[in-house]
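Given chain A, put chain B in place with the hints provided.
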Amino acid sequence: MIFQAPILALLLVAGLASGVALWSAGFGWVVLRRWDIASGTGRQLGLERTTELVSTLFGLVMLAELAALLLFVYNADRMASLFVGAMCAVGTLNVNGWGFPALYLKIAVFFAAALWLMLDRADRLGRDYPLARVKYAGLVLIAPLVVADFGVELTYFLGLETDVITSCCSKLFTPVNDGLAAEMTGLAPGAALWLLAGGGAFVAVTGGLTLGTGRGHGWLALAGAAMFAVSLAAIVSVISLYVYDHPNHHCPFCLLQREHGYYGYALYLPLFAGTAFALGAGLTSAFHRVPSLAGALPAMTRRLVALALWGFALFGLATIWAIWSSQLILFG
Amino acid sequence: MTPWINRQRSLADYTLAALGRRKGKTFALVAVYALVVFVVASAMLFATALTREADLVLAEAPELTVQHVKMGRHEMIDGAEITKIAGLRGVSSVEGRLWGYFYDATSGANYTFQVPSDPALVPGPGEAIVGEGVQRARRATWEGAPLFLSRFTGDMVKFEVARTLGAESALVSSDLVLLNEADFRAFFDLPDGVWTDLAVSIRNPREIDTVIDKASRLMPDARFVTRDEIRRTYQKLFSWREGLMIALASAAVLAFAIFAADKASGLSADEAREIGILKAIGWDTRDVISMKLWEGALVSLGAFLIGTLGAYVHVFGFGAGLIAPVLKGWSVIYPDFRLAPLVDGMQIATLFLLTVLPYTAATLVPIWRAASADPDQVMR
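So the protein lines, in turn, are chains A and B.
As numbered in the working numbering, residues 1 to 332 make up the first sequence, in order.
As numbered in the working numbering, residues 1 to 380 make up the second sequence, in order.
Fair warning: there could be bad hints in the mix.
[To be verified] Once the Cα atoms are required to be at most 27 Å apart in a straight line, the calculated DSSO-like pairs of lysine-lysine come out as:
1. Lys236/B <-> Lys171/A
2. Lys171/A <-> Lys214/B
3. Lys263/B <-> Lys70/B
The hints are simulated quantities; they were obtained by calculation from the structure and are not laboratory data.
Bound conformation, chain A alone:
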C-alpha cells in the first residue's frame, strides 16, 4: 500500500462512515419495527431522542462522504505520476481491479448520501417525525453500500503496488475496445451534442413546469437522471475534445488536471449537484401530502428544483464555454 496522507484521510472517512452506518442501520431496524409516534412509552421517547443523535451523526458522515468523492478523484489524478504508464486518474484506478469499482461505489454513496440528507432535512421540517420510517428504511438500505464502499476502497488501496505497469486513458477511451467507455467514445460528436441539447431541453421544460404548477417532480427527477447519463456520454464523446483542442483525446479524467485549467471541476461539480437536487426534488415531492409537512415541504422542494436548474444551467454554460473558447473545429 502507498502510505499517503490523502489515502489515510479517505480510509478514515470510509471507516468511520461504515461504523456509523452499521450502528445506525441497527437502530434503523428497531425504528422500522417499534416506531409508534402515538405511543407515550419510555421506549418510544427513547427512540425519539436517539433519532436526533443518529440523524446528526449519519448526516455528518454522509457530508464527509460527499467531500471524500472529490478527494478520491483528485488524489487518483495526483498519484498518477507514481505509476509507470499512468497519465491521469485512469491509470491509477487501473492499477488493480478494485479502482473503478471503488469509484463507482463512491459515486453511488454520493447520490445516496445526498438523497438521504435531503430526506432528513425534509423530516426535520415536521414536528412529529413524519418521515422517520422512510428515513430509516433508506438508512438500512444505504448502510450496505457504505460498508461495501469501505471494503472495496480498502482492498484497492492495500493492493496499490507501484511496480505495476498500468494502462493510460488512451487505451481505455478508444472506440475500438468493448464496453461502456468505448461505446461513449464511439458516440458521434454531432449525435452527442444533439442528445445533450435534448436532455437539457427536457430538464428545462420539466423544471419550468414544476416551478410553475408545483407538480411533475417525478418527471424532473427522470429528466435529471437522463441528463446525467447523457452528459457523461457527451463529455467523453465531444466536450473533452473541445477542452483538449484534440480530435482524439476522449479522457474524462484528464479534464481534472492543472494543464487543462481544472476544467473538469467546472463540468462535474454542477452536473453532480444538479442531478442530486433533481432526484431529491422527485423524492421529497412524494411527501407533500403528509399533514405536518404540507406547509413547509413544497417550499423546500421548490428550492431543490431551482437549485437543480441552476446546477444544470451552470453545466450548460461550462459546456458552451468549452466549445466557444476551443481552437478545435469539429464541424464544418
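Below, chain B without anything else, positioned relative to chain A:
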C-alpha cells in the same frame, strides 16, 4: 433561506458569547486542538514542499542515465559506449559524466566531487568551486580558504577555492566540489576514456522506452535509469515518510478525540444549568444540538486556522526545524535551504478530514446526551 440564515446567525452569536464566558476551558481546548493540527499539517506541508523541490531539481536531470554494472555493482563505463548510444535514432546527445564521493576525515563529511558539464563552472587547474556546506563543514574562516584534502596517511592535495556556490542552489550543491577533468582524473587516479556514467538526452520523451530497449541490446550489462524513475522514487520516499509521521500523529489525534469527548461529557455545573435554562425557555433538543455543533465548529475552525498557519510559518519560515530530521534524512553536510511556499486545496481538505472529523465524531455523542436530557435532570 432567510429564516434559516437568521437562525444560524443567532445560534453562532449565542455560541460565541457562551464560549467567551468560559474563556479558560475554550482556550485550553483550542490550544491542544491547534497543536494536533500543527503536527499533522507540518508533516504534510513539508513533505509536499520537498517533493516539489525534488521535482524542480530533477527537471534539469537527463532523461536517461546509463551505468555500467559488474557483479551487481556500479563500475566505470568505457567511453566507447558513448558512440554506440549516440548512434541510436531519437537520441539527441550523450555525455560522459565524472563524479564520485570523497570522505574528508578532517571534517567527518562526505563530499560529492564532480566535473561540471557547464563550461562556465569548470575551474582552472589546481582550483575548485565548492558548495556552501563544504566550507561550513570545514569551518573555513574565510570564503576563499584553500581546500586541503588527504586521500591517505601522508598525502595532502591543495586546491585553491575559486568561488563558493550560493545558498540558492544549496539543495543540490551543498556538498559539491567541482574540479576540471584533468584534476578530477589525477585526484582519483582514473585513466583516460572512462566515465562514471553517461547522461543521455532524448528528443521525444515517449521514445525513452524504445531507446532503452535498443540500447540494452547493445549494452546488456548496463543499467538504465530514467528521470521519471528517480522522480517516482523520491515521491514514494517522501510520501511514505509523510504517511508514517501522520500515522504516528494519529495516536495524538486519537488521544485528543478521547480528551475532547471526555471534556464534552463532563459538563460543568454552569453549562448544565445553561442547557437546563435553554430547554426550560423553549429550546428543544435539536436547537441545543445545533448550538453545540456551532460550538464545535467554531472551536474547530479556530484551532484549524491557528494550527495550519503555525505549520505554514514553521515549515516555510523556519525550515520545519521540529520535524525536518525525520522527513528529509540526516547528513553531516545538510543543505541549508528555504522551501518554496506551496499549499493546495487537497492538502487542506485532507488535513481537515484527518483532524476535524475525528473531533466532531467524538464529541457528538456527549453533545447529544447533554442536549437530550430533561431540564430538571441537568439542572439538579
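Hint-by-hint comparison with the structure:
Between Lys236/B and Lys171/A the CA atoms are separated by roughly 26 Å; this keeps the pair inside 27 Å, and the hint holds. A C-alpha spacing of about 24 Å is found between Lys171/A and Lys214/B, which places the hinted pair at or below 27 Å, so the restraint holds. The suggested pairing of Lys263/B with Lys70/B is violated, with an alpha-carbon distance near 64 Å, which exceeds 27 Å.
Of the numbered hints given earlier, the model fails hint 3 alone.
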